Structures are given as C-alpha cells and as structure tokens.
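Number of protein chains: 2
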Amino acid sequence: MNVAIVGASGAVGQELMKVLDDLNFPVDNLTLFGSKRSAGRSYSFRGKDCVVKELCHNDDFRGIDIAFVSAGGSTSKEFASTITKYGTLMIDNSSAFRMDKDVPLVVPEVNGADAFNTPRRIIANPNCTTILMVVALKAIADISPIKRVHVASYQAASGAGAAAMDELVKQYAQIAAGEAPTVEKFAYQLAYNLIPHIDVFTDNGYTKEEMKMHNETRKIMHSDDISVSATCVRVPVLRAHSESVWVETESPVSPEEAREALAKADGVVVVDNPAEKAYPMPLDASGKDPVYVGRIRRDIANPNGLTFWLSGDQIRKGAALNAVQIAQYILNNS
Amino acid sequence: MNVAIVGASGAVGQELMKVLDDLNFPVDNLTLFGSKRSAGRSYSFRGKDCVVKELCHNDDFRGIDIAFVSAGGSTSKEFASTITKYGTLMIDNSSAFRMDKDVPLVVPEVNGADAFNTPRRIIANPNCTTILMVVALKAIADISPIKRVHVASYQAASGAGAAAMDELVKQYAQIAAGEAPTVEKFAYQLAYNLIPHIDVFTDNGYTKEEMKMHNETRKIMHSDDISVSATCVRVPVLRAHSESVWVETESPVSPEEAREALAKADGVVVVDNPAEKAYPMPLDASGKDPVYVGRIRRDIANPNGLTFWLSGDQIRKGAALNAVQIAQYILNNS
Numbered sequence: 001m002n003v004a005i006v007g008a009s010g011a012v013g014q015e016l017m018k019v020l021d022d023l024n025f026p027v028d029n030l031t032l033f034g035s036k037r038s039a040g041r042s043y044s045f046r047g048k049d050c051v052v053k054e055l056c057h058n059d060d061f062r063g064i065d066i067a068f069v070s071a072g073g074s075t076s077k078e079f080a081s082t083i084t085k086y087g088t089l090m091i092d093n094s095s096a097f098r099m100d101k102d103v104p105l106v107v108p109e110v111n112g113a114d115a116f117n118t119p120r121r122i123i124a125n126p127n128c129t130t131i132l133m134v135v136a137l138k139a140i141a142d143i144s145p146i147k148r149v150h151v152a153s154y155q156a157a158s159g160a161g162a163a164a165m166d167e168l169v170k171q172y173a174q175i176a177a178g179e180a181p182t183v184e185k186f187a188y189q190l191a192y193n194l195i196p197h198i199d200v201f202t203d204n205g206y207t208k209e210e211m212k213m214h215n216e217t218r219k220i221m222h223s224d225d226i227s228v229s230a231t232c233v234r235v236p237v238l239r240a241h242s243e244s245v246w247v248e249t250e251s252p253v254s255p256e257e258a259r260e261a262l263a264k265a266d267g268v269v270v271v272d273n274p275a276e277k278a279y280p281m282p283l284d285a286s287g288k289d290p291v292y293v294g295r296i297r298r299d300i301a302n303p304n305g306l307t308f309w310l311s312g313d314q315i316r317k318g319a320a321l322n323a324v325q326i327a328q329y330i331l332n333n334s
Numbered sequence: 001m002n003v004a005i006v007g008a009s010g011a012v013g014q015e016l017m018k019v020l021d022d023l024n025f026p027v028d029n030l031t032l033f034g035s036k037r038s039a040g041r042s043y044s045f046r047g048k049d050c051v052v053k054e055l056c057h058n059d060d061f062r063g064i065d066i067a068f069v070s071a072g073g074s075t076s077k078e079f080a081s082t083i084t085k086y087g088t089l090m091i092d093n094s095s096a097f098r099m100d101k102d103v104p105l106v107v108p109e110v111n112g113a114d115a116f117n118t119p120r121r122i123i124a125n126p127n128c129t130t131i132l133m134v135v136a137l138k139a140i141a142d143i144s145p146i147k148r149v150h151v152a153s154y155q156a157a158s159g160a161g162a163a164a165m166d167e168l169v170k171q172y173a174q175i176a177a178g179e180a181p182t183v184e185k186f187a188y189q190l191a192y193n194l195i196p197h198i199d200v201f202t203d204n205g206y207t208k209e210e211m212k213m214h215n216e217t218r219k220i221m222h223s224d225d226i227s228v229s230a231t232c233v234r235v236p237v238l239r240a241h242s243e244s245v246w247v248e249t250e251s252p253v254s255p256e257e258a259r260e261a262l263a264k265a266d267g268v269v270v271v272d273n274p275a276e277k278a279y280p281m282p283l284d285a286s287g288k289d290p291v292y293v294g295r296i297r298r299d300i301a302n303p304n305g306l307t308f309w310l311s312g313d314q315i316r317k318g319a320a321l322n323a324v325q326i327a328q329y330i331l332n333n334s
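Line by line, the protein sequences are chains A and B. The first sequence maps to residues 1 to 334 in the working numbering. The second sequence maps to residues 1 to 334 in the working numbering.
Calculated from the structure, these hints are not laboratory results. Every value quoted in this text rests on a predicted model; they were computed, and no experiment measured them. Please note that a few of the clues may not be correct.
As the list claims (entries may be wrong) - Listed next, the in silico DSBU-like pairs over lysine-lysine satisfying Cα-Cα at most 30 angstroms (straight line):
1) B/K170 x A/K170
2) B/K18 x B/K147
3) B/K277 x A/K170
4) B/K208 x B/K147
5) B/K170 x A/K185
6) A/K185 x A/K36
7) A/K277 x B/K77
8) A/K147 x B/K208
9) A/K185 x B/K288
10) A/K18 x A/K185
11) B/K170 x B/K264
12) A/K185 x B/K277
13) A/K208 x B/K147
As the list claims (entries may be wrong) - Example chain A residues on the side facing chain B (calculated, C-beta under 7 angstroms, incomplete):
14) R148
15) A152
16) A176
17) G178
18) K277
19) W309
Idealized CB from N, CA, C, for every residue including glycine.
So here's chain A without its partners, still in its complex pose (with noise of 0.2 angstroms):
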C-alpha cells in the first residue's frame, strides 16, 4: 500500500508512523505531508528517511491508496478534495466530517462494516473519549440496549497536542522554581488544577467536546435511542484519558455478565480487582493499544444501572491506533 500521513509531526502524526510499524502494517510506500514550517523535516521509518512535503493544493495524492490525515479540521475540509481527488482513501482525525451522513465514522470494535460505505472517500475518527468508551459499551449493548449514559471525562493535555504536554511539564518546573507558569495552551494553568472546559460552549450549556459524546456515540452504535450526558473535564495527565461512566440498559444487566462480556470484547483488558488494588489508571494505559475497564459495579442509585471506570491511551487508541485499525479492517476484510 502506498500510504501517506498529513500532520506528519504532529503528536498524532508521529503516533502514526509507530503504530503503522507495531501493527505491520503493509506500507510500500510512506509519503509524509505537513504545514509550511514543518516542510523539510525528516523521519525515519524502517529504516528508511521520509521527508516532510509540504501540503498543497496539487497532484501529489495521486498513486496514495491511503492517507492518514491528523492537522486539524480547517485543513481537512480545505484538502479533502485535493486528497481523494484520485481514489485515495482518507481517513480524518478531525471533527470536520464526522456528522456528515456520507461519511462513515468508525470503531473497528464496535461498526467496522461501515468502513466499506464511503462515497466521498473518506472515513472520520471519532473524538477520542468517545472511541474510548463506545469500545466498552458495546459489550454491554450486546447485552441490552444502551438507554442513557452519564460521563465524567477525566482528560489528558496531549488531546490539545504535543506543545501541551510540554506546556503541562514546564509549569511544574516552574512552580517548583518560584516562576509563574507558562498558560499558552490550555485557558488556565494545568498543574495541579482541572479546567472543566474542552473545545467551545454550545448553545445548551454543554462543550463541542460533552456533544461529540452524545451525537458520536449514537452515529457509532446506530442508535438514537441513546442519550449521553458528559462533563469533560482536562486533568494534569500527559497521554491518557480516563472516564466514570454510568450505563442504563434497557434490562438489568449484571456486573458479572458485564465483566464477562467486557472480558472478551475486542480492544478491551478488564483491571478488575480491588483486594489487589488492580483498577486501570493513565499511568498505566500511557503507550498501550488497550482500553482498560475495571470498577465494574452495579449503579445503586438505578436498578437498570452499571457503572465503571476506564483508562486508554489518547495518542493510540484515541487517535492513531484507531485510525489504522480502520485501514486494517478493510484490508482484512476486503
């Protein structure tokens, strides 16, 4: 396959390159695009040096089967025709086409099918808390129905890039130091402090990012039967997110039946034993491929109710990983 990855030095760009390679991923060739500035730089895969071209409204996708595109929503919505205008399939990392009814948005887990509909070319990743949990409750819903799901996000800086997660370890530097810290990244100092606002407020009170959450979620699990309300929340975590979830199933479903089920799930590793003071943790889940599942318990306060918590890697799993598992997908399944 001749692959390409647009946002090539990014965190996720360069997540890319590593999971292409863990994953043996077919790749004949590797085209690398980016930014202007980042034009010119060189990396290394298998082996062999691969530098940044810069991104331009030409004929330079022609040829590329697959292009992994992770540079933010103003870019894929200006590029996307130039990317595809040759047959290349596009899978996005950003916001900008997820919603739309012509372009599948995909959890290998949970719709892989709905990678094969692509009229446009081009495939969404979802927002990264989202294919964090849809992969857990999707265990579930084969069980019973999701009606209702409450979330508390407990989000990582590397959601808002590479330059953030610096940013976050500066700021300790600089508070041991004595010197006020940097804020260039986030709205509010990160270090020791949580900032319960990520992407804009909407109109309802709630963020792009709470909304992603519900509309995603239903678009993924093709049901608008499911309702989710989240809080999201940024913590002074590098790379891994974690989330309290509450789950409402049409019938009752039982903390060991979920266990069970979340026990064989694709993509899931249940940490599930409190006498060993085993539960997931982002330190933990930092630089792995799972989604770690564990607190799993009956909602006491719902009789049609679980809850647990979860941990997963944001760069992977939440970005990367996800994104060439979807090519994967269609590969195996052609």
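Go by the hints and put chain B onto chain A.
Coordinates of chain B only, in the frame set by chain A:
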C-alpha cells in the same frame, strides 16, 4: 468559650486554628492536644503561644466547652468518653460516629438544627466530598425532592493529609530529576496519574468513600428516597476537591431555576459564565470558604435531570470550616 483542638499538628488541626480566628470565634482559652510525637510543639494563636499536650485518659477536658477532634477514627473512638466526660461538646471530623443514630451529622447550611440533638455530646462532621455536594444539592432539593445522584469526584491530595500533599510536590521534583518518585501516602504514584480508589473497598465494589456519599447524603438531607452512586478518584491537585454531579429530581428543575436557587444559597458561589470562561476550578477554590458551582445545565439524558460541576476547598469547607460553622451555628441559635 474554652476550646480544644485534638490533632492540632495535622492539616485539619492547623486549619482549625486559622478558621477559629478568621470567623472571630469567641475563644477564651485554646488548648491543643496531639499524639505523643507532636506533644510539646508550640503554635501561635491570636498572639499567644499554645503548646500541644499529649492526649491522655484523664480529666484534661474538664471545663472545655467545645473540642474539635481530627486525629483519625480510632483516636475518636478511643477518646470520645474522655473528651465528653464533663459535658464537652465533641465535634468530630472522623467517620467513627457519623452513621450512629444518636449522633447528628451536620452541615449547617443543610441541617443545622440537628446540631441541637446531642445525647452523647458528639456531633459528626461529614465526609469532605459529601459536605461540598450537599451544600449544592440543598438548593435544588428545596425546589423539588431529589431522587438520584450520580457523582464523579476529582479529589485532592489533601484528603490524605499534609504529608500526602508534600509527597505529590516531591514526586514532580523527582520525576523532573529523572528519579523514581517516592510512593508512600497513596497506593500508586499520583503525579501525572489518577487513582480511582479512596478508602477501602466494600463488598458491593464501591469504596467506603463512595458509600459515605450515599449514606451521609441521606442522613444529612433526611431522605431515604435519595440514592447516590459515586466514583471517587484521587487526582494530582493539592487541596480542593471537584465533582461532576448529575441530579434527578421528582419534577423537572430548569437550569435557570437551579442557578437562581444556587446563587441565593448559603455557602455557595455560582461561577457559571462559559462565554467568559468562568467556571469553578480547584486552583481558584483553594483556601476559600464557599462551594463554587458552575456548568449548570440540563441533563440531556434525563428529562428530570440537571448536571453541574463544583469545586471547594477540602481542608476548609470539607473539614475545618464546617466543624467551626457547626459550633457557630449552635452559639448563634442557642
């Protein structure tokens, strides 16, 4: 009033001295008690030096009107009869007596009048996370009775004491220096991490901390119709707790009604102006008295639901301030 503090050298003990002064509490004499280890230490209170006496089974509490006790549950249990022997009112910060039928559990803004029913001369100060939440819930329950609460907490290091706060700061310094972080106060490294485990696990999979939020909320709010399902998580924040709360009421309460009621509620400050990036954050709540409430909006997964976010100082309203406010309530209403 002759006042005593038991556990004077701890984080809460130290804050109790500050709060007594901040609230102009009428203190004629302050007597400090502590363990053998802290006996002999001296602290200044209103310009006078107070030396910590070792807590012993003797007649030291004769003549003391109120004793604020914050030295752990086992000390509270062991010394309750010694402390109350001559009629001293014991305001206890531990969980030792909270659920005892003949011990009131008091948050003055919610159930202050309960403080007058003290057959054992003991009043219990509730769990910190519960105090912060019920101050906000009260305003909503006054509009329509509360049925269910789902709450995800984001709890600061201070809940585990002053040494735990120091350990968190030290961990960042150690990580920056490339050293392995010291892990003594929590089950795992807290720096750059989250630990979904506060207090010990119970048979139903919830921790004691989580069950306190259920049981204590019902007792404080005088309602066995309320169920609370909590997930309590330790986060790398120093001294203010935060909570994502979903509330289901008997009849719908609009965000506008809730906001208005919360704005008028004792002990609450509403910080809820997304357009101006105004919402509660633990860094802003640290060292402050109110419970800050924001992100008030409809629960889009429940027609009778509301959701909000709060932050409040764990050592002040979560512990020392509430204890002194209980004493103040009694004085002002006697």
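Taking the earlier hints as the rules, which of them does this structure contradict? 2, 11, 17
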